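Line order of the protein sequences matches chains S and D.
Sequential numbering of the first sequence, starting at 106, is according to our numbering.
Sequential numbering of the second sequence, starting at 17, is according to our numbering.
Keep in mind that the hints were calculated from the coordinates and are not lab data.
Computed from a predicted model, the values in this text were never measured in an experiment.
Some clues are possibly wrong.
To be verified - Derived CB-CB ranges, DEER-like:
hint : chain 1 : residue 1 : chain 2 : residue 2 : range
1    : S       : 141       : D       : 89        : 35 to 45 Å
2    : S       : 405       : D       : 205       : 50 to 60 Å
3    : D       : 17        : S       : 411       : 35 to 45 Å
4    : S       : 159       : D       : 175       : 23 to 33 Å
5    : D       : 153       : S       : 411       : 24 to 34 Å
6    : S       : 148       : D       : 232       : 44 to 54 Å
7    : D       : 45        : S       : 379       : 33 to 43 Å
8    : S       : 363       : D       : 207       : 35 to 45 Å
9    : D       : 153       : S       : 141       : 17 to 27 Å
Unchecked claim - In silico lysine-lysine, DSS-like type, Cα no more than 30 Å apart, as pairs:
hint : chain 1 : residue 1 : chain 2 : residue 2
10   : D       : 196       : D       : 180
11   : S       : 280       : D       : 196
12   : D       : 231       : S       : 215
Claimed, not checked - To be clear about the criterion: a stretch of chain S counts as covered by chain D if any three or more of its residues have a C-beta under 8 Å from a C-beta of chain D, and this derived list gives those stretches:
hint : region
13   : 128 to 141
14   : 286 to 295
15   : 386 to 395
16   : 400 to 410
Using N, Cα and C, we set each Cβ at its ideal position, and we do this for glycine too.
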Amino acid sequence: MPTEEQIDFNSVPDERGHFGPYGGLFVAETLMEPLDELRQAYEKYMQDETFLAELDADLAHYVGRPSPIYHAERLSRELGGAQIYLKREDLNHTGAHKVNNTIGQALLAKRMGKTRIIAETGAGQHGVATATVAARLGLECVVYMGAVDIARQEANVYRMRLLGAEVVGVESGSKTLKDALNEAMRDWVTNVDNTFYIIGTVAGPHPYPAMVRDFQAVIGREAREQIQQQAGAMPDALVACVGGGSNAIGLFYPFLNDSDVAIYGVEAAGDGLETGNHAAPLCAGRPGVLHGNRTYLMEDQDGQIIETHSVSAGLDYPGVGPEHAWLKDVGRAQYVAVTDQEALAAFHTLTRTEGIIPALESSHALAYAAKLAPTMNKDQIVLVNLSGRGDKDMHTVAALDGIEL
Amino acid sequence: MSRISGRFQQLKSENRTALIPFVTAGDPAPGVTVPLMHAMVEAGASIIELGVPFSDPMADGPVIQKANERALIHKVSLRDVLAMVKEFRSQDQETPVILMGYLNPIEVVGYQVFAEAAAEAGVDGLITVDIPPEEAEEFCRILGKHDIDPVFLVAPTSTPERIKRICDAAGGFVYSVSFKGITGAAKLDVDAVATKLEEIRQHTDLPVGVGFGIKDPATAQAVGRVADAVIVGSALVNRVEAFADQPDAIAPAVAELLAAMRSAMDEN
């Protein structure tokens with residue numbers, strides 16, 4: 106394996122979607138040709154000036170980009186170390202980074218002549234972001250969601266239905282995000298002629314991990330310029346939460362060749378890695394094949410995928426994007442995990458010190474930043490991706506505090 | 017010659033089409049499977065396709081998904097499935113057995129260890145739904161060393177270029193998926209199937225089987241006119257499910273449908 110210094114991080118994946126030994130194309134034969142069509146369309150339109158101009162205009166006027174970076178001065182003082190800057194993806198339309206990707210894929214769907222959009226969702230954020238762009242473009246939209254998630258995310262289910270999407274409950278397997286993804290794949294294989302499958306994270310078969318990364322990389326491109334303008338320096342460390350890993354790769358990717366920038370991906374340790382009740386495949390899993398790619402997985406000794414646990418539904422996934430698996434192995438990024446308790450503490454701290462209510466997913470990144478910053482100097486910079494806002498988590502947090510809303 | 021090729025040659029000399037039943041190993045309980053395999057052979061199965069339970073069977077419809085879930089209640093593993101094949105082989109050295117499943121349970125064991133153990137148990141072929149030929153080079157090489165035929169699927173969406181690649185990598189027979197969709201759906205178009213078979217046969221001399229959507233003696237007969245093998249899964253698994261509470265009734269119920277298919281095909 107080449108050392109970190111020899112790698113051009115912009116050179117992956119290869120033409121069949123491999124990030125080192127990870128990624129690739131592991132799907133049933135029926136999907137091989139449609140995936141190749143998608144790859145060709147994506148490669149074509151990512152070079153197409155008209156397409157890119159339309160995407161940029163949508164990101165500016167519909168999503169509200171660029172999102173600002175914000176110097177969290179009180180939080181930094183309270184932590185007593187490095188200066189914390191937040192990339193404010195929570196200020197995007199629909200309240201999270203997810204829309205950067207759904208806008209891009211929906212425009213691609215339209216170019217490819219597809220009239221029907223499908224998506225999987227866990228917490229409902231990607232489902233809402235998909236239903237939103239489908240409504241705007243006048244496309245039929247079906248969102249698959251595990252029955253367990255439907256029960257715990259009622260507000261987002263209602264939002265999707267308001268937006269005109271059909272929300273289909275998935276009763277198979279563990280009835281959560283992974284099963285919703287299985288069901289969306291089954292729909293796609295059946296309706297592949299007119300249907301575009303918008304995957305919400307940097308997992309799945311090629312070209313999804315690369316395509317979703319490229320749509321999310323706007324986060325890191327903006328942040329790289331903004332931090333130099335505002336702070337007059339490059340960040341010393343980047344921190345982002347990792348479920349499937351789309352907000353993290355979006356921030357990390359434009360910095361990968363900046364070898365002085367340390368990179369931390371934060372997984373959900375749930376009740377603690379030692380309990381087994383977590384969602385941290387990079388920290389505590391091992392490589393395998395699921396959902397079209399080879400990556401780190403949570404699995405038992407027989408290779409069955411096991412149920413995950415996190416207080417944050419958006420991190421509750423047994424796999425992770427293959428590029429993260431590779432970045433871990435080559436040592437370019439470090440992957441760590443924080444518990445539900447630590448994330449909740451960070452949720453409350455940011456809310457009180459800065460008047461910003463973060464999503465529980467993003468609270469994992471904040472919790473690790475709170476450990477990292479005190480070990481650094483006051484003139485150093487930690488840039489945290491605040492990937493989403495916490496409105497959707499009010500019921501979860503209130504319930505943990507013993508309050509019924 | 018592999019057991020699979022031998023079986024196809026024998027059937028050809030008798031002017032008959034192969035009938036390949038599928039059941040999920042360990043559904044609804046581990047003890048059911050081996051007697052069920054013998055009962056299927058008696059009812060006219062030419063080759064047996066045994067599903068390896070997986071937690072996330074992405075290419076399967078609700079019927080086979082539930083079969084996987086029933087087997088996984090008993091934690092039926094790949095090693096358990098190999099033990100079932102070995103037990104079956106102690107009484108039947110003639111009938112080829114093919115495993116059908118997903119890649120991850122094999123990855124965990126390791127290709128080399130798996131291939132050795134499968135060959136030793138008496139497995140003749142392997143269908144791995146989620147590994148296309150592009151990703152299967154090393155895997156096929158290792159299977160080949162242990163005389164296990166890699167059976168690949170051709171789909172309605174497969175281009176001529178892909179069909180050629182699949183046929184070049186395949187061993188035993190080629191499995192043509194009759195429609196775009198998952199197992200257990202019912203919208204079989206026999207004319208479209210026949211056209212696809214002609215296309216596939218331009219690229220290979222291997223026998224070509226057809227699966228997906230074959231649910232009764234009539235569809236088995238119609239497909240049997242054009243294919244070298246008729247593969248039936250969900251229709252049988254439905255019967256397993258119907259008698260999940262009465263394990264003794266499962267083998268007769270499955271055998272009844274299979275025998276009816278066999279005799280309808282033999283009228284061709």
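Now for the hints, and whether the structure bears them out:
In this structure, residue 141(S) and residue 89(D) meet the distance hint of 35 to 45 Å, their C-beta atoms being roughly 38 Å apart. Look at residue 405(S) against residue 205(D): about 41 Å separates their beta carbons, and that is not inside 50 to 60 Å. A beta carbon spacing of about 42 Å between residue 17(D) and residue 411(S) agrees with the range 35 to 45 Å that was offered as a hint. In this structure, residue 159(S) and residue 175(D) meet the distance hint of 23 to 33 Å, their C-beta atoms being roughly 30 Å apart.
For the pair residue 153(D) and residue 411(S), the supplied restraint of 24 to 34 Å holds, since their beta-carbon distance comes to about 30 Å. Range check, residue 148(S) to residue 232(D): Cβ separation about 45 Å, and the 44 to 54 Å hint holds. Taking 33 to 43 Å as the suggested C-beta distance range, the pair residue 45(D) and residue 379(S) conforms, at roughly 34 Å. Hint check: residue 363(S) to residue 207(D), Cβ distance near 60 Å, so the stated range 35 to 45 Å is violated.
The hinted window of 17 to 27 Å between residue 153(D) and residue 141(S) holds, with their beta carbons roughly 18 Å apart. Using a Cα cut-off of 30 Å, the hinted pair residue 196(D) and residue 180(D) holds, with the two alpha carbons roughly 19 Å apart. Of the pairs offered as hints, the one joining residue 280(S) and residue 196(D) holds, with about 25 Å between alpha carbons and a cut-off of 30 Å not exceeded. Between residue 231(D) and residue 215(S) the alpha-carbon distance is near 38 Å, which puts this suggested pair outside the 30 Å criterion.
Coverage of the region 128 to 141 of chain S by chain D holds in this model, with 11 residues showing a Cβ closer than 8 Å to a Cβ of that chain against a need of three. Under the rule that three or more residues need a Cβ within less than 8 Å of chain D, the assignment of the region 286 to 295 of chain S holds, with 5 such residues. Residues of the region 386 to 395 of chain S lying with their CB closer than 8 Å to a CB of chain D number 4, which satisfies the three-residue condition for coverage. Figure legend: the region 400 to 410 of chain S, annotated as covered by chain D; annotation consistent (7 residues with Cβ-Cβ distances under 8 Å, at least 3 required).
Consistency note: the structure conflicts with the earlier hints numbered 2, 8 and 12.
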